[in-house]
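*Asks:* The primary structure of each chain is shown beneath.
Protein chains: 2
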Amino acid sequence: MRIAVDGMGGDFAPQEIVRGAQSVSREGLASIVLVGDEEKMKPFVTDHANLTMVHTPVCVGMNEAPSNALRKKKDSSMNRAFELHKSGEVQAVVSAGNSGAAMAFAIFTLGRIPGVDRPAIATLHPRMGEGVSILLDAGGTVDCKPTHLAQFALMGNAFAGSVLGIDSPKVGILSNGEEETKGNELTREAHSLIKELGINYLGYVEGTDMYNGRTDVVVSDGFVGNIALKISEGVADFIFKFFKEGIRNSLKARMGYLLLNDLFKEFQRKADYSETGGAPLLGVDGVCIICHGKSNEKAMRNAILLARKFVEKGLKESINETMQDYQSLQKVKER
Amino acid sequence: MRIAVDGMGGDFAPQEIVRGAQSVSREGLASIVLVGDEEKMKPFVTDHANLTMVHTPVCVGMNEAPSNALRKKKDSSMNRAFELHKSGEVQAVVSAGNSGAAMAFAIFTLGRIPGVDRPAIATLHPRMGEGVSILLDAGGTVDCKPTHLAQFALMGNAFAGSVLGIDSPKVGILSNGEEETKGNELTREAHSLIKELGINYLGYVEGTDMYNGRTDVVVSDGFVGNIALKISEGVADFIFKFFKEGIRNSLKARMGYLLLNDLFKEFQRKADYSETGGAPLLGVDGVCIICHGKSNEKAMRNAILLARKFVEKGLKESINETMQDYQSLQKVKER
Chain A
0 MRIAVDGMGG DFAPQEIVRG AQSVSREGLA SIVLVGDEEK MKPFVTDHAN
50 LTMVHTPVCV GMNEAPSNAL RKKKDSSMNR AFELHKSGEV QAVVSAGNSG
100 AAMAFAIFTL GRIPGVDRPA IATLHPRMGE GVSILLDAGG TVDCKPTHLA
150 QFALMGNAFA GSVLGIDSPK VGILSNGEEE TKGNELTREA HSLIKELGIN
200 YLGYVEGTDM YNGRTDVVVS DGFVGNIALK ISEGVADFIF KFFKEGIRNS
250 LKARMGYLLL NDLFKEFQRK ADYSETGGAP LLGVDGVCII CHGKSNEKAM
300 RNAILLARKF VEKGLKESIN ETMQDYQSLQ KVKER
Chain B
0 MRIAVDGMGG DFAPQEIVRG AQSVSREGLA SIVLVGDEEK MKPFVTDHAN
50 LTMVHTPVCV GMNEAPSNAL RKKKDSSMNR AFELHKSGEV QAVVSAGNSG
100 AAMAFAIFTL GRIPGVDRPA IATLHPRMGE GVSILLDAGG TVDCKPTHLA
150 QFALMGNAFA GSVLGIDSPK VGILSNGEEE TKGNELTREA HSLIKELGIN
200 YLGYVEGTDM YNGRTDVVVS DGFVGNIALK ISEGVADFIF KFFKEGIRNS
250 LKARMGYLLL NDLFKEFQRK ADYSETGGAP LLGVDGVCII CHGKSNEKAM
300 RNAILLARKF VEKGLKESIN ETMQDYQSLQ KVKER
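Residue numbers (numbering that gives the first Met the number 0), protein chains in the order written: chain A, 0 to 334; chain B, 0 to 334.
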């Protein structure tokens with residue numbers, strides 16, 4: 000399998016990106032095409048096995064407006080990676096660059112799967128018990144229509160079922176309460192659409208359900224989803240900093256921490272985004288993993304392995320299939 | 000000072016409600032008027048000092064539609080408490096009952112402060128360092144207009160400044176990123192309104208800012224605010240259950256936990272809603288504290304003491320003043 004990696008995207012590019020990619024290619028887990036400024040990437044390449052480079056000096060800034068990138072940076076490392084995917088030279092793209100621009104180029108260059116109006120970023124969240132919860136859209140489309148949410152529900156369901164192997168995934172709309180009387184204008188209309196989709200739909204779910212294992216797929220617009228994501232980070236950060244501070248100020252607490260060290264490490268492994276690697280962009284005609292801007296070597300390695308798994312499990316094909324069924328259903332209704 | 004308490008509201012009513020109220024009246028911290036079914040409340044009253052009862056057998060169900068309660072339950076313990084406030088017999092109302100109904104009755108019976116279109120529930124959140132962050136609206140109004148968010152910003156600013164004593168509170172709109180290009184339709188319009196209000200406005204803030212101390216007042220519509228609130232609960236719950244489980248399964252970890260016990264307890268005190276007591280409903284013509292449905296004796300006691308503090312600090316008056324200034328400003332603009 001061949002995977003293109005945007006060598007210039009991310010706060011720690013190109014060093015951490017190249018190292019992460021190389022850790023995969025060296026072990027022969029995938030063939031990597033590193034796209035970017037060859038002169039800047041080269042110093043970090045120590046092993047050329049299963050690794051090639053495609054040179055382009057242009058790169059997208061982390062804070063650049065996606066519309067600007069789309070207009071002026073078609074030659075960027077990011078877009079060249081998508082072009083390699085489009086032409087079939089690679090089976091997936093991984094980028095830790097500007098996520099808005101990555102989404103824009105993915106749509107522009109790869110195109111959308113028929114029936115998908117808006118692709119969605121699906122983030123994976125640790126939770127009580129086994130497995131992960133999937134949140135989508137985590138920030139792709141800020142102002143959504145009810146049909147977009149219905150499509151997110153279908154894509155999330157296909158991803159959870161076919162790719163992650165969850166049997167009959169439990170799908171819910173993120174809302175301010177479980178009762179049907181809750182929700183806002185958007186969720187109320189989306190609720191009536193999703194009810195008809197023939198998936199294991201729970202109705203409205205709450206923020207707590209994302210972490211207690213009640214729901215597998217949590218659907219929201221990209222504005223709410225992104226806030227949910229960052230609130231989660233904020234709370235976890237606050238809790239760990241609180242304990243860190245306390246441990247610094249007390250010998251007794253420090254000893255306690257040492258004894259609890261295994262548990263702290265296990266939690267960190269569960270919660271750390273560098274363990275997950277990245278989030279798939281569902282609904283584009285390909286496999287695209289969007290990584291955290293702060294991705295290090297480990298995060299990149301895991302993101303590339305995630306891309307490999309998603310290609311093997313037929314992510315694109317399963318979304319394609321579910322959207323074909325959806326379109327047929329829509330046509331039947333229109334008659 | 001006299002405070003009316005809805006004796007029948009909450010999952011643990013009347014027992015925990017009566018006990019919490021009595022713990023305040025017994026110490027002479029406030030005179031309590033317990034409103035509810037006298038026969039049901041009486042068994043828990045052991046000390047009548049500074050405590051009177053107003054009998055009504057009607058109570059609002061925890062899951063009853065607020066519109067239904069408003070139509071059919073004007074004689075409920077909840078609304079009778081607001082009527083006592085309206086007629087000046089008490090200076091505040093505290094209820095752990097159905098929060099939607101409490102908001103509806105507060106608006107119906109007390110009325111809104113002139114210039115306020117939608118009252119907002121303001122929740123207090125622990126954070127790194129000193130003080131608390133204020134989130135509003137945490138669930139009062141689900142579908143908001145930009146002017147509602149602007150009013151929330153003003154009310155939150157007045158509450159943080161005059162009541163909580165924060166000097167020049169830092170106010171932000173909860174969004175999916177800090178840049179002006181972020182946000183959704185609602186926040187973009189609200190942003191341009193709030194910029195003109197002459198408060199210490201930071202622009203967009205992220206979920207992490209609610210917990211790192213960067214912002215004092217976080218403004219959102221009630222749908223997003225409620226999700227933020229429950230995601231926070233979900234993450235904290237997940238983390239503590241994870242450690243609980245781990246401690247159960249390992250002797251070493253259990254010993255560590257014992258050494259860290261002070262820290263765990265301190266955190267619980269910081270994060271426990273029963274320590275805060277409840278959330279003020281800002282914008283109604285009075286002082287109204289809405290409590291968690293699961294409020295116990297301690298939560299009720301703290302909520303009543305919060306109400307007392309807010310009356311003493313002139314909550315109603317400071318919101319009134321800020322809204323008068325706002326209305327004058329609006330009139331100047333219209334000319």
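By construction, these hints were calculated from the structure, which means they are not laboratory data. Careful: at least some of the hints might be erroneous.
[Unchecked claim] Quick list of the computed label-pair ranges, beta carbon to beta carbon:
{"no.": "1", "chain 1": "B", "residue 1": "73", "chain 2": "A", "residue 2": "179", "range": "41 to 47 angstroms"}
{"no.": "2", "chain 1": "B", "residue 1": "73", "chain 2": "A", "residue 2": "264", "range": "45 to 51 angstroms"}
{"no.": "3", "chain 1": "B", "residue 1": "28", "chain 2": "A", "residue 2": "265", "range": "27 to 33 angstroms"}
{"no.": "4", "chain 1": "B", "residue 1": "269", "chain 2": "A", "residue 2": "67", "range": "40 to 46 angstroms"}
{"no.": "5", "chain 1": "A", "residue 1": "61", "chain 2": "B", "residue 2": "14", "range": "41 to 47 angstroms"}
{"no.": "6", "chain 1": "B", "residue 1": "130", "chain 2": "A", "residue 2": "239", "range": "46 to 52 angstroms"}
{"no.": "7", "chain 1": "A", "residue 1": "333", "chain 2": "B", "residue 2": "212", "range": "37 to 43 angstroms"}
{"no.": "8", "chain 1": "B", "residue 1": "42", "chain 2": "A", "residue 2": "260", "range": "48 to 54 angstroms"}
{"no.": "9", "chain 1": "B", "residue 1": "251", "chain 2": "A", "residue 2": "61", "range": "52 to 58 angstroms"}
{"no.": "10", "chain 1": "B", "residue 1": "293", "chain 2": "A", "residue 2": "260", "range": "50 to 56 angstroms"}
All C-beta atoms, glycine included, are put in the ideal place defined by N, C-alpha and C.
*Asks:* Each hint: holds or not?
*Replies:* A quick look at each hint next to the structure:
For residue 73 of chain B and residue 179 of chain A, the Cβ-Cβ distance of about 26 angstroms falls outside the hinted range of 41 to 47 angstroms, so the restraint is violated. Against the hinted window of 45 to 51 angstroms, the Cβ-Cβ separation of residue 73 of chain B and residue 264 of chain A comes to about 58 angstroms, which falls outside the hint. For the pair residue 28 of chain B and residue 265 of chain A, the supplied restraint of 27 to 33 angstroms is violated, since their beta-carbon distance comes to about 46 angstroms. Distance hint check for residue 269 of chain B and residue 67 of chain A: the Cβ-Cβ separation is about 44 angstroms, which falls inside the suggested range of 40 to 46 angstroms.
Checked against the hint of 41 to 47 angstroms, the pair residue 61 of chain A and residue 14 of chain B fails, with Cβ atoms roughly 56 angstroms apart. Distance hint check: the CB atoms of residue 130 of chain B and residue 239 of chain A are about 20 angstroms apart, inconsistent with the given range 46 to 52 angstroms. One distance hint, 37 to 43 angstroms for the beta-carbon pair residue 333 of chain A and residue 212 of chain B, is violated here, with the actual separation near 53 angstroms. For residue 42 of chain B and residue 260 of chain A, the Cβ-Cβ distance of about 50 angstroms falls inside the hinted range of 48 to 54 angstroms, so the restraint holds.
At about 43 angstroms, the CB distance of residue 251 of chain B to residue 61 of chain A disagrees with the hint of 52 to 58 angstroms. A hinted range of 50 to 56 angstroms is violated for the C-beta pair residue 293 of chain B and residue 260 of chain A, which are about 34 angstroms apart.
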